[in-house]
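Generate the whole structure from the sequences, applying the supplied hints.
Residue numbers for the sequence shown follow UniProt numbering, beginning at 1 and rising by one.
Everything labelled a hint here was simulated from the structure, so no lab data went into it.
Some hints could be false.
[Claimed, not checked] The list that follows gives simulated cross-link-like pairs (lysine to aspartate or glutamate, DMTMM-like), each with its CA atoms no further than 25 angstroms apart:
#, residue 1, residue 2
1, Lys51, Asp125
2, Lys51, Glu34
3, Lys99, Asp111
4, Lys99, Asp57
5, Lys51, Asp33
6, Lys99, Glu53
[What the hints assert, rightly or not] Distance ranges between label pairs, derived from CB positions:
#, residue 1, residue 2, range
7, Ser52, Ala104, 16 to 22 angstroms
8, Met43, Gly124, 32 to 38 angstroms
9, Arg100, Ala37, 37 to 43 angstroms
10, Asp33, Leu86, 32 to 38 angstroms
11, Val132, Glu25, 26 to 32 angstroms
C-beta atoms are modelled at their ideal positions from N, C-alpha and C, and glycine is treated no differently.
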Amino acid sequence: MMIVTESQTVSPVVGQPYVRVCVAENGDSIFVDEEFALTTVQMWEGRVDGKSEPLGDVEVTLRRVFEDSSTGYLHPAPARQFIVVLASVVEVEVSDGTKRRFGAGSIILMDDAGGNGHISRWVGDAEPLALVLRFAQQ
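See the structure below:
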């Protein structure tokens with residue numbers, strides 16, 4: 001077993017995009033394009049990776065959808081949580097009717113727990129699979 005440690009920071013910051021679904025001043029859920037600040041770090045043998053700051057206290061679960069769990073009505077997120085789509089495509093519709101589709105590799109921060117909510121639908125051909133990182137209640 002090889003143990004790897006980071007050796008040094010090589011350059012300041014690059015970005016990793018994600019989409020945040022959050023609450024606007026009027027209570028509607030909206031899309032906001034954001035990005036993680038990633039510091040590039042020298043790993044080993046010339047390899048350079050990007051690394052974010054720790055996300056905080058999160059519970060990580062794997063979610064596999066066995067049947068249609070689409071909601072036809074607006075609902076807020078149960079808690080502040082990141083969704084990382086691993087397989088299939090999820091369509092998210094916010095309060096004003098705007099829709100976006102997110103495929104495998106997409107990162108979505110569901111941050112509309114206190115608002116009017118969103119509608120989510122799994123629309124891809126593959127069996128839906130997602131990694132859920134739910135933040136601890138504060």
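Does the beta carbon distance between Asp33 and Leu86 stay inside 32 to 38 angstroms, or does it fall outside?
Violated - the Cβ-Cβ distance for Asp33 and Leu86, about 21 angstroms, lies outside 32 to 38 angstroms.
Lys99 and Asp57 were given as a pair; does the straight-line alpha-carbon distance stay at or below 25 angstroms?
violated, 30 angstroms
At the C-beta level, are Arg100 and Ala37 separated by a distance inside 37 to 43 angstroms?
At 23 angstroms between Cβs, range violated.
Within a Cα-Cα threshold of 25 angstroms, do Lys99 and Glu53 meet the stated pairing?
violated, 30 angstroms
Note whether the CB distance of Met43 and Gly124 lies within 32 to 38 angstroms or breaks it.
About 33 angstroms separates the Cβ atoms of Met43 and Gly124, which means 32 to 38 angstroms holds.
Do the beta carbons of Val132 and Glu25 sit within 26 to 32 angstroms of each other?
For Glu25 against Val132, whose Cβ atoms are near 28 angstroms apart, the range 26 to 32 angstroms holds.
For a C-alpha distance cap of 25 angstroms, please report whether Lys51 and Asp125 respect it.
Measuring from Cα to Cα gives roughly 32 angstroms; hence the hint is violated.
Lys51 and Asp33: Cα distance at most 25 angstroms?
Judged against 25 angstroms, a Cα distance of about 19 angstroms means the pair holds.
Restraint check for Lys51 with Glu34, where alpha carbons must lie at most 25 angstroms apart:
holds, 16 angstroms
Verify the proposed pairing of Lys99 with Asp111, using a straight-line Cα cut of 25 angstroms.
Given that 25 angstroms is the threshold and the Cα spacing comes to 16 angstroms, the pair holds.
Consistency of beta-carbon spacing, Ala104 to Ser52, with hint 16 to 22 angstroms
With a Cβ separation near 20 angstroms, Ser52 and Ala104 satisfy 16 to 22 angstroms, so the hint holds.
Violated hints for the displayed structure, listed by number in ascending order: 1, 4, 6, 9, 10.
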